[in-house]
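**Student:** Below, each chain spelled out in residue letters.
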Amino acid sequence: MPTPGPSPKPHIEVENLEVNFGAVPAVRGVSFSVAPGDQLTLLGPSGCGKTTTLRAIAGLEKPIGGEIRIDGVPMYSSARQINIPAEKRGLSMVFQSYAIWPHMTVFENVAYGLRVRRASSTEIAEKVDHALGMVQMRAFAGRRASQLSGGQQQRVALARAFVFSPSVLLFDEPLSNLDAKLRGDMRLELRELQHRLGITSVYVTHDLEEALAMSDRIVVMRDGLVEQVGTPDEIYGLPRSAFVADFVGSANLIRGRHRADLSKDGLVALETAGGQVIYGTAYGRPVGAELTMSVRTVHLQICAAPPPGAPNVWPVRVEKTVFQGDFSQLHVLWGDQHLVVRCAAMEPVPAGSDVYMTVEPRRVVLLAAEAAASA
Amino acid sequence: MTDFIKGRLTRRALLQGATALPLVGIAAPAVLAQGMSKSPNKVLDFLTNADVAKAEQEGQLVFYCHENEAGTAGIMEGFHNDFPKIKTSYVRAQTGALYSKILAERQAGRFDVDVIQLSDLSPAFDFQKKGGYEHYESPESTGYKKDNLSSPNGYFFWTGVDPAGIAYNSEKLTGAAPKEWKDILDPRWKGKISCKISASGLQFVQWYALRKIYGDGFWKEFAKLQPHALDSRVQLFDRLAKGDDMITAVGEYPAYILFKSKGAKVEFVAPPDGLVATPLVVGAVNKAPHPEASKLFVDWAMSKRGQAWYQTNPNLYYGSVRTDAPPMPTGVKLSDFKLLYPNDWDEYASQQAAYLKEWNGILGL
Amino acid sequence: MQKLAGYGVAAVAAVLVLYPVFYLLQAAFDTGDPVARPPTEYGVDNFAAVLNYPQILLNTLTVSFAATLMALVIGFVMAWILARTNVPGRRVFEQLMVVPYYLTPLLGALAWSMLGQPESGFINQVWRALGGSEHIIDVNTAYGIAWVMALFEGSVAFVMIAAVMKSMDPSLEEASQVMGASRLRTMLRVTLPLVIPGILGAAIFVFAEMLGSFAVALVLGLPSRYYVITTAIYQFVQQYPPRIQLAAAMGVSLFAVMFVMLFLYRWVVTSGSYATITGKAFRPRVADVGRLRYVLFAICVLYLLAAVALPLATLLFASVQKIAVAFPGADNFTLGNFSAAMSMNAARSALSNSLILGFATATLGVPLMGLLAWLIYRSRLPGAGLIEYVVMFPQAVPRLVFAFGMMWAWVVFPIPIYGTMWLLLIAYLTVFLPLGVRTISGVMLQIDKSLEECAQMCGASWTFRTRTVTIPLLWPGLIAAWLLLFIASIRELGASILLMGAHSKVITPTIVESYFGTASELTATLALIQTLVIAAAMIVLVAFTRRVGAHPVE
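Residue numbers (our numbering), protein chains in the order written: chain A, 1 to 375; chain B, 1 to 365; chain C, 1 to 554.
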């Protein structure tokens, strides 16, 4: 889906990237671009190739095909036989394990990149102090790096990564080793930091919440290939395939025949094997004879009485209620299919009740046919 | 160096060379009177043609010797005492191994050796043929019979004789004591008798001599006793003294004297047929790193002074063949013993391959 | 720069290792005139000649099997006691377990020859004094030799088996016990089957080592005509004329067998489906054995007695006597041996040469092997895997055989280094490649790759980051490797004994020569002096690595 407005010239471009891990193809043809100042997140389950892609951009893995350009300059090109070593690409990276050097102080850790660039000691002192201030680690400057806690190490790693003002920052699951509370806080801080510095970032994570909260654009990957590229809204609201639908939030998949004869108001009618009819929105995707639609569990609504004039209303039976604190998960029988409904726990609905279920047609998303076939 | 690498010791080559050499014992006329163009100096109490000052300037002597550690060190000690300015260093290995070593080194282009002492004439002949010895006629040669010098003179000389009989541990011995050579074949010695390894010159002489007297079957009988083979007489007597072996077929007289004086319960038997004996030959080496020192050493070793040292040092106790040598410390003169030498050294040398084959076989190799 | 260093050091390693092997093979297949170089004809006659010595081959196998078995038993029992029970003093014992290996097997052999010879052995003298007849042990037999080999070369088995035990997840056993199985049943049904692949690996490795063992067979086997392949090769080379081709063929046969064994070892260890070796180090569950632990304590002490205390005491005892006996009279004592030993210029020069060589080997070896370790395990340069095989190659070749190849190879080298210290230095660097590379890579692999990658991402060139990140992190491991190489040089025998020259004597072969050429009391004295030097170096090593936390990997 094209984003509105004129697209700025991309800062990072990845074209048909192929990387092997030993003999195994880890990345099998991935393409995307990152606009300047944006955060692009590579999201996917473990083994999907997101870290390998990131490391290929960094220059720590050697691809076997494709091209990587930064600011239009090729860093790697299989066609033109270019492969610039990592230390010369001018990028910066925060590692999952933080990679803090235990034999140096915090100050020395952060100063490293400046020393490599032969900055003067006044410049180093000034910049390191500033960087440490931005991550609230000024007080620890003289501390031995091996004496820091996980969270503290993370901040130092961050400071070290941007102290020499790189134009691109790469993040390899930087928050996954922190506990949940800390993770939440750090997420916001990171986001803010990036905005303040105006750095373009590529971020790798398997955590959905993180990706949705922080990214300007998300690339969902599976098995070395791109499933979908888009903004968080697009990925969440308009999944292209069953995989994306189910990975990004919980979804119910509904398959059936296209009932062209029942179309109205531009909506697409689907009839399940059990005879239920549901109206959904095509969103420009091709409408074939066999369709799959995705409905998020949160968009299904349970009500005691059928709302008037709604195109999607059915009587359903509640089979099971699972209390989950902030919400409850209801398993309902809809025709011959089981659906999952997530609703706020304000009104517990006991199992065995007969209720009505409704959903807005715009929330019923038609999945792209080719992607659906591979689901 | 070229004469070295291509040289090959074949029986035929040796015989050819041998016929070219005047046989030892049939003396070439007055070799000794010829060829001394310089007039010798007197240093200490002996004569030398070496430049003593230069030798001391060279400051070192490298000695390759077949003797055991203490013996070799002993020889060097004697020389060093007389010439303190010359530092000595040595390598010791049993004659066969020693000879292999020096040949390999020379083939590799390393000439580190000044003087070499061997306990077997066979490799000495070979070395002479290969041009390994420096030709140097010592003014002290006058003290020696022609039989005890190389032919022609100037390559090596007999610095001593190592006679050996039978020896046994008097405490551990069971039954009657051995009296003659045949007694060493007694089956009761099985697993308890020792001899020398095949690289030993003395062992070669014994093999040759007893075979000549008693026939080819002698050593085949000996093989049945599964003898223990030792590298040096010290190790051999060490085991004998401690009782690890009951009896030895090669009881060297010098070792017997030494161990007896240490209090070991060992006895010596001089068989009526005679004691087997091998000459111990010293010669200066060609292309030596310290040529003057090596000549000086040869003169020293040949002199009465040097010979006295060889005879009296407890680690050596050699019998001297110098015509004017005094008796050994035990009062015995070498001529008091009946010594079994090969008559024909060249025939002896030609038997080496046969000896090695049989002896290695006896030792399980 | 990276490529230059990497390929440069790979080339050096390749030359060091392959040059002698080539000549070894050439000599083995040379069926022409032994004196002619290069060879005039090639054939397999030499290998056929090897078959003329079936007794030697049999002896080698017998001794190696017996020694491996004994070493495994000792290793397993000790590993069990020290890793799984609450015997008192565990930490101390663990450290002491490797002492016999560092004290040379030569020393053990010398001591045990004094203890166990049928007539003169101290133990037998005591036995007879107590009223026994003949002798109770004879160390000059195959089993005597195997016993000494197991004692002194077998602590490698302990280290390997202990490592296996430590890497086993204790929850596997706990599961068994929770279900009601007795301790014994758990051990037989759960523990034992799980550690068997590790033990199998250790067995193969130890067997390969025993095949190439030299020192013990030399001291204990030679006088009683019991030859194994290594000592036979030594004899053949020492003879005049030397039987080079036969020796080479024997050497190649031996190394072929060892090569297969090591291949087998790798296969067993890496393809094990017993996924208990997860790479994480567990704290194995320590069982409380109650009163039994005093018995176990006694067993540990007994082992150390047999392997350390007794041999040292024996040598000391012998060195102060004129003629060493078990019950010396008052007039049999002397300090003369010590003064004689120190005045023997062979001993003095040998000791100083050994120290100098040890220093040189360690100082040159650490950078060389460090670079090689980096090349093999960290760089992505193509061909790195091949270099690993080249570097580990000397492991498969008995030291003596390798030295034989070197002797034969460097004799024809245009620069005359034969018989000099340079040749020994080259030899040491070559045969210690596996040891050094393994030690350093062990430490290197513990360093997270990301530490170096991060330096890369900060823009540091290879030299900059090696200097500022890699080397400081490796430092304790490098020091440990230095000390290991130093000690290994001083105790080296198999290679040195063939390559020593007049001016390049080193201590351990000198002790051997002394054994063959002097009285045993003097030899004992020399051995003691050498031990003191090694002990001093070892104490430094243990103290240092304990403090810094690095582990001296075997």
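Mixed in with the good hints, there may be bad ones.
Said to hold, decoys possible - Okay, derived cross-link-like pairs now, SDA-like style, lysine to any residue, Cα gap no bigger than 25 Å in a straight line:
hint	chain 1	residue 1	chain 2	residue 2
1	B	K172	C	T141
2	B	K146	B	D344
3	C	K322	B	E171
No lab work stands behind these hints: they were computed from the structure.
**Student:** Each hint should be assessed against the structure and marked as holding or not.
**Tutor:** Against the structure, the hints come out as follows:
1. B:K172 to C:T141: 21 Å, holds
2. B:K146 to B:D344: Distance of about 15 Å is within 25 Å: holds.
3. C:K322 to B:E171: Within the cut-off at roughly 18 Å; holds.
In summary, this structure violates none of the numbered hints.
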